[in-house]
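Chain U is fixed; fit chain Z onto it per the hints.
Number of protein chains: 2
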Amino acid sequence: HIFVAFENKFFGLNLDEFEDYEQAAKTLLTALFIREKYSRLAYHCFPRTTAKFLRSANNEKWKICPVPSEGPYSMEDLPQNLNYSLRMKDGIIYVYDNEDALKQDQPRSLPYPDLETFAIDMSHVLAMIADGPTKTYCHRRLNFLMSKFHLHEMLNEMAELKELKSVPHRDFYNVRKVDTHIHAAACMNQKHLLKFIKDTYKTEADRVVLEKGGKKFTLKQVFDNLKMDPYDLTVDSLDVHAGRQTFHRFDKFNSKYNPVGASELREIYIKSDNYINGEYFARLIKEVAHDLEESKYQHAEPRLSIYGRATEEWDNLSKWFIKQKLHSPNMRWIIQVPRIYDIFRSKKIVPNFAKILENIFLPLFQATINPQKHKETHVFLKHVTGFDSVDDESKHSDHIFTYKSPKPEEWTMEENPPYTYYLFHMYANIMVLNNLRKERGLNTFQFRPHCGEAGSITHLVSAFLTADNISHGLNLKKSPVLQYLYYLTQVPIAMSPLSNNSLFLEYSKNPLREFLQKGLCVSLSTDDPLQFHYTKEALMEEYAIAAQLWKLSTCDVCEIARNSVLQSGLSHQEKKHFLGENYLQDGPEGNDIRRTNVAQIRMAYRHETLCNELSFLVDAVKSEAVAEKAS
Amino acid sequence: HIFVAFENKFFGLNLDEFEDYEQAAKTLLTALFIREKYSRLAYHCFPRTTAKFLRSANNEKWKICPVPSEGPYSMEDLPQNLNYSLRMKDGIIYVYDNEDALKQDQPRSLPYPDLETFAIDMSHVLAMIADGPTKTYCHRRLNFLMSKFHLHEMLNEMAELKELKSVPHRDFYNVRKVDTHIHAAACMNQKHLLKFIKDTYKTEADRVVLEKGGKKFTLKQVFDNLKMDPYDLTVDSLDVHAGRQTFHRFDKFNSKYNPVGASELREIYIKSDNYINGEYFARLIKEVAHDLEESKYQHAEPRLSIYGRATEEWDNLSKWFIKQKLHSPNMRWIIQVPRIYDIFRSKKIVPNFAKILENIFLPLFQATINPQKHKETHVFLKHVTGFDSVDDESKHSDHIFTYKSPKPEEWTMEENPPYTYYLFHMYANIMVLNNLRKERGLNTFQFRPHCGEAGSITHLVSAFLTADNISHGLNLKKSPVLQYLYYLTQVPIAMSPLSNNSLFLEYSKNPLREFLQKGLCVSLSTDDPLQFHYTKEALMEEYAIAAQLWKLSTCDVCEIARNSVLQSGLSHQEKKHFLGENYLQDGPEGNDIRRTNVAQIRMAYRHETLCNELSFLVDAVKSEAVAEKAS
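If you read the sequences in order, they're chains U and Z. Mapping of the first sequence onto my numbering: residues 3 to 633, in sequence order. Mapping of the second sequence onto my numbering: residues 3 to 633, in sequence order.
Looking at chain U on its own, in the form it has when it is part of the complex (with noise of 0.2 Å):
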């Protein structure tokens, strides 16, 4: 309570910038009962002291989301076939209960998501971000924010170094941490990739790994094809690291997931569904996933990729994860959609976007309303966390997404919908399918884009709306409005500095630190450690780096390390092992220390200062309804 000569937003103001401001917390409270609506809608996480203050203004109640743990591949006591029927309207999945209901239009009581609400959410945020005193409400709380941590700092640092070094057992290296954004096709680093291509080279030259153009061929082939021998292949002639030549230029980025810039090694390598049945794709990453255990304290959340080229991808994809025995306590699998429309209607391959959507997530309902009829993928869901939108953000769409929108089906043209379409209609088929799943009581799924790495600030107000939590967020830098809003909602941001560093956004220049700093629900994580990492501990390298040139405190890299294993898709039970019992409850209460090595003064400054926030939003519309009733 050292603060409390601070903690009055009024201080300096005049009468004008005074209704400015209480007009502005109006405005902001109403945004965060919008992302309340969407999160409880998709089964997202919403922060518990957020949902109180929105309660306190409307008096209600609040309830939590536990997420009950699941087993391994079991294909015993699969829950019973329903035979719902199944329709897409609008891109959007319909549940039916029979055909007869189908064809008399009367879906299942499920929440169905309202486009021309979804479009007037939009706009109410957008209008804010825009607005002038909002703005300068929001900046303002966000530098106050800033001067108080600063603060804290000063007083309280060697009282929370004090406390960590009294918990017995527990420091930085003993916490959990979770990578939570790394794709699965550049999990390893480069060195683990050019020793393994050099193992299979020198154990299995003579078998047959890739048939193309009718033709199979041998690893010894491909290799005399290309004109190289593994035994001289070297990282250089790798060539997967980003280097200075990929800095703001993705398109080069991309093309560095073909080992020595041959499409072949790709195939063979790094990709589920080939010639080998991805036999050596598993194979590395059951070797990534093989140190993650030996670390013990380091987990995953590798992203695997559903492209909705062909209604297929999930039943293979599927029967590749269990033959291959993927499953690994310290991993959790999240599903990633490339937003590449425009390259599948090229080539003729969907004839709208409607059937992008359609391959993507029909196959999702037909497994959980008929697990029996389509055992591999329900037992593959089980261990699917979340899904994850995934392209090049600086790419320019000439298209505004409004209601007036053509639907899915009608999006025939070439080119690629919108970077807020893409999200809207995976939200939304997400959120129905988390409904569907949650009345037969299996997992639910996070919607957990990557948002905000380049290009327009309103794919960070789509997210807002949409997603459970987001990777990358860098673009917060430039709305202190929305920045304000991710803050109050608590919207976790799986953060990678060294990829930025890489493509977008030079290290010095990260917000990680200042977004830590106001009370941003921050973690780190290494994005592709094949392409930008060095070392064999890719995250450790994160964290070193972070810690070094931030000069972060331990308790700086613990907290980043809890707020990892909050946003992960770890189940309840696993975070509750991991961050203490009553991890669900606020501030210290809900933090055990002696798991994660958290200062208890650090978890009181963020609730109080949390609190403190939320309560002049919620106070100021209650005064002005005082005001209001009185005059």
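Keep in mind that the hints were calculated from the coordinates and are not lab data. As the structure is a prediction and not an experimental result, all values here were calculated from the model. Any given hint might turn out to be false.
Cut-off 30 Å, straight-line C-alpha distance, at most; resulting in silico cross-link-like pairs (DSSO-like, lysine-lysine) [what the hints assert, rightly or not]:
hint, chain 1, residue 1, chain 2, residue 2
1, U, LYS164, Z, LYS204
2, U, LYS197, Z, LYS167
3, Z, LYS480, Z, LYS54
Then chain Z, alone, in the frame of chain U:
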């Protein structure tokens, strides 16, 4: 030869400036001759290219200095005892054929250094670095070197990369790297020390490990007295890591050598001369050596301390080294001498400064003259490759060293002698010793002091005369003349940006990248992994962070690695093996790209650039001579 158009130092000068610059060139050449003299006398290395240009001004020839390779712990076939007599005079040890010669003060014909000459040489260089025209000249040349490198990069970056890609089997991961500056007492990282402490407690709790005030203590008793269970110990409570609190506080940093702030644990775990005969310390170092051997391509040059407090120090250290079998093919040993006369004097351990010099150097001369009487020291010295001078350079000294300063025997006051005083007397003794050892065909020692980490820039002048190479060199930032001299004479500089970042200079302000670009001979080193590093591979962490933050190319980091081997005390045979048969040759001919992975384009660029800079100096002097003759 793309730079021909720029290779004219005279562009844009008027006549006055022209004369200034001729004078500056002459002055600089004199400085090069001075350093060459000191290097030759001490069997230090001086760059072949620079020497050639100096010869071209004098029509002489130059010879190289290969170092013979040595065996392990064998005490067979020791050289004969010579029974020379020894006496210290003015802090320098003189060698006499026998007692008669000593009485008549007729020392053997060895080059003994002369303080007066040294003082004149020092003042010459000191005057230079303050001379306006010379400063302007050097500043311009350095700017030119920088711009020229940028141009080189723009034109040749892709060509360099192409060269590297075509080298079979060699990449950054398997080029040899030497950690050129690391203190043995901090050569393990914090996690490693912690684990070691826990392991010893688990297996040897009842072993007597400490004697204090006449009482003996088991490991268990030690921890009981500290009220601490090693099982609960964490890196936080260990508290050896440098944090924000150590910046510009070398005093606080030094206390980080005490685990848990307890000097008992330092005594038990990281001392070579204690109740358990330094067994734990040796085991820790051997674990680090084992990791280096596993890595295969990494080497280190750890510093062990000789204080000069007592005459038995060498004997104890040598016996420890041999008994504990500390030799590793991946390690070479450096002796560090802390500059703490004042502490020993105030505790009345020594009567004057000469006593310290005698304790340090007399045993070395004795072991060199009579190896069979001092077997252990003789054998240990085969593994020692150099001397370091260490302490906080930012401590100010009131005394200014001149030839009128008290001689070491007269230095009885409590005040510590200044930096230059230490350096001169260490250099002087090493020089005589090296000449004596050369006569006997024994290995010689490099003088490699810490220099320019902080404090006065005069330190860098002293080292310019006396050092084979230095550690840190940050303050070269502050003097263009010295920086240019260090460039021209290619004095190797072992830099530790992560250490600096915790102690003296923020990472982003570290001049390493700038020095590298200009062509100074810089290497990367860790200094103290215990205090600064987070990962298991401290040297790789150092390289990774530099490469990430400064966007170094593969060629850049491989050039740094090559410099580290050149600078190191590895043998001539080893350097041939790691860098190529002809590594002593100039330019591309001296580089075996298949071993170093440094592009020949880069080697040619460096060589041509250095030759150009040197030829300007030589031509200026020659043209002046012609002009003088003509007038």
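Hint-by-hint comparison with the structure:
1. Between LYS164/U and LYS204/Z the alpha-carbon distance is near 26 Å, which keeps this suggested pair within the 30 Å criterion.
2. For the suggested pair LYS197/U and LYS167/Z, the alpha carbons sit about 17 Å apart, so the restraint of at most 30 Å is met.
3. The suggested pairing of LYS480/Z with LYS54/Z holds, with an alpha-carbon distance near 29 Å, which does not exceed 30 Å.
In this structure, none of the earlier numbered hints is contradicted; all agree with it.
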